[in-house]
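Chain order of the listed sequences is A and B. So the first sequence is numbered by numbering that gives the first Met the number 0: it starts at 0 and just counts up by one. So the second sequence is numbered by numbering that gives the first Met the number 0: it starts at 0 and just counts up by one.
Rather than coming from a laboratory, the hints here were simulated on the basis of the structure. Just so you know, these numbers come straight off a predicted model, no measurement behind them. Positions of the beta carbon are idealized from the N, C-alpha and C atoms, including for glycine. Worth double-checking, as some hints may not be accurate.
What the hints assert, rightly or not - Here are some, though not all, of the chain B residues that point toward chain A, as calculated from beta-carbon distances under 7 Å:
#, residue
1, 7
2, 22
3, 55
4, 90
5, 92
6, 94
7, 103
8, 114
These are the residues of each chain, in order.
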Amino acid sequence: MTDLSRDYTKIEQAARTRKKIVHTVIYIFLVFWALMVLFPFYWMILSSLKSYSAYNGEYIPKFFTLSPTLENYVNAFNAVPLAKYFSNTLIFTLATTAIMLVVIILAAYAFAKLDFPGKNITFTLFLALMMIPNELVIITNFVTITNLDLRNTFTGLILPSITSVFYIYLLKENFAQVPDELYKAAKVDGCSDMKFLLKVMVPICRPTLVTVVILKVIECWNSYVWPRLITDDANYFLVSNGIQEIRENGFGRDNIPAMMAAVVVISVPLIILFLIFHKKIMEGVSRGGTKG
Amino acid sequence: MGKSKYKGWLYLLPAIVFLAVFMVYPLVDVLVYSAEEGYSFASQTYTGTGLFNYSYVLHDPYFLQAVKNTFLIVIITVPLSTGFALLISLALTSIPKLKNLFQTIYFLPYVTNTLAVGLVFMILFKPTFYTDGMVNLLIKFFGGQAVDFIEGPYWAKMFVMCFYTIWVVLPFKILILTSALASVDQNLYNAAKIDGTSKSRTFFRITLPMISPMLFYLIITGFIGAFKAYSDEVALFGTNLNVAGMNTIVGYVYDMLYSSGGGYPSYASAAAIMLFVIVLTITCINLMVSRRSVHY
C-alpha cells in the first residue's frame, strides 16, 4: 500500500516536472518570436534617437544610447515635408472613411430593411463583385482619373476608395438582425425611413460601424499603390509615398537616423490607435479583415 | 406605394454609381484594353485588335522574371507562414498565463505601415560604408560570411523578401488560428484524455480536423495575397524593382501603367488578366482539395 502510493507520488511528480519543462520551452519560443516582432520597432526608435555622427561612428551598433537626441525629429520635419505628408494622409483618411460610411450605411439599409423590385438579384451581383481583384480594375481607374484631370488632387485619391462591397455586406448582416417589429412600429408612428435609420439603426449597430471605421482607417493610412499611381506632386503625397520619397532622395542616403525618425512619426498614430482599441481591432479583423 | 417602392434604389444609388464607374466598367474595359494593339495613351488611339499584347508580355524578360519571383514567394511563404502560425497558435493556447499579452504583441505588425517597417528591415540587413549591418554582424559572429542582402546575390534578396513577407502576414494567421483553436469543443479533448490518447494522435485526429476549415481559409487567402505581393518588395528594394531583379507580377502591371512615357495600359491589362487567371486557377484547385479534406 505504502509502496503503491509512493510510486503514485513519484509518477505525479515526474509528470509535473515534465509539464514545467514543456511550459518553459513553450515560453522561450513565444518570447523569442515576440522579440522578433518587437525588435524592428525597438531598432527604429533607438536609431532615431542617436545623433548622425554617433550612429555612423558605431561599426558594431549599440543596443542602447546614453545621449538620446531629438535633432533627427527636427530634421525630419524640416528637411522633408513630413508634416505635409502627414496632414495629407489625415485628410485622405478622414474624407474617405466619412464618405464611405454614408454610402455603405445607405446601401446596407436598403438591402436589410427596404423592399424594392430586383433587390435579391442586385445583392447577388454585389456579392459577385467582392471577387474582383483590385489589380484588375486599377488600370482603367488610373486612366479614368487621368482623363478627368484629377491626378494630384484629393478627389482623384479618394473617389475609387469609397465603396467597399465587403463592408456593405458586413453592415447589412448586422442591420438585418435588428427586429422588423421595430421598423414596423416606427412606420406606424409615422417615422420616416431616414429618421429611423439615423435614430435607431445606426445607434444599435454602432459596434459594427466602429469596427468598419477602424479597419478602413488602417487601410487608408497604409495605402500605397493607388496614391503612388495618382500622385507625382509631393504636395499630395501620403505617408507611404513620403517614406519612399525620403528613402530615395530625402536626407541623403546615409542619414539613417533622420529616416528612422520619419518612420517613427509615421508609425506612431496607428500604434496608438492599436494600443487603445486592440481588442476591437483584433475582433474586427478576425471577423473579416484581410490585408490586401 | 408607387413612390416608396423605388425608395430602396434611391438608397442604393450612391453605392451603385461608384461601383459601376470604378469596378464594373473597369472590368469590361480591362478586357478591351488587353485586346487593343498599339494603344497610345497620349492620343487614345490603337492600330488593331488581337492577342499581340499577351504575346508581348509573355516574351518580356521582365515579366518572366516577375513570374518567377512571384511563384517563389508563393511557394516559400505560404506553407512556411501557415505552419509557423499554427505552431505559435498551438503554443499560445497551451500556456496558462500571458496569452493576451503575447497575442497583442504578435498582432502589432498588422497595424503598421509595411513601407515604413520595411525600411527598418532594409537597414538591419544592409551593409553600408560605416557598418556591416546588424544581421551581417550576427552572421560574422557565428563564423559566416557577410552578404549584401539588399543589393547582393539573388538568393539573399529572396531570403529577406520571404522573411519580411512572413513577418508581415503572420499576425493575421495567428489571430485566425488562435480563435479557431479556442473554439474547439473542450469535451473532445477530455474524452480523448480519458481514453489515454497520445498527444500527437489528439492533434492529428481532433485538433487538425476541427480547425481544418479555418486552415484552408488561411491557405486560400494566403495564396491570393502572396500572388499579389508588391508593396513589401518596394519597401525593401525601392521602386525600381526591375533593376533590382525583384519585381512581382503586380509590380510589373504597375510599372507598365506608370512608366514615364505615358504608360502602356494594354500591356498592363494583359499582365493583370494573366495574373487573375493564375490566381483563379490556383484558388479553384485549393477549393477542390479543401472540399475533399475538410472534415465537416
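Evaluation of the provided hints:
{"no.": "1", "hint": "7", "result": "holds, 3 Å"}
{"no.": "2", "hint": "22", "result": "holds, 5 Å"}
{"no.": "3", "hint": "55", "result": "violated, 16 Å"}
{"no.": "4", "hint": "90", "result": "holds, 5 Å"}
{"no.": "5", "hint": "92", "result": "violated, 10 Å"}
{"no.": "6", "hint": "94", "result": "holds, 6 Å"}
{"no.": "7", "hint": "103", "result": "holds, 5 Å"}
{"no.": "8", "hint": "114", "result": "holds, 5 Å"}
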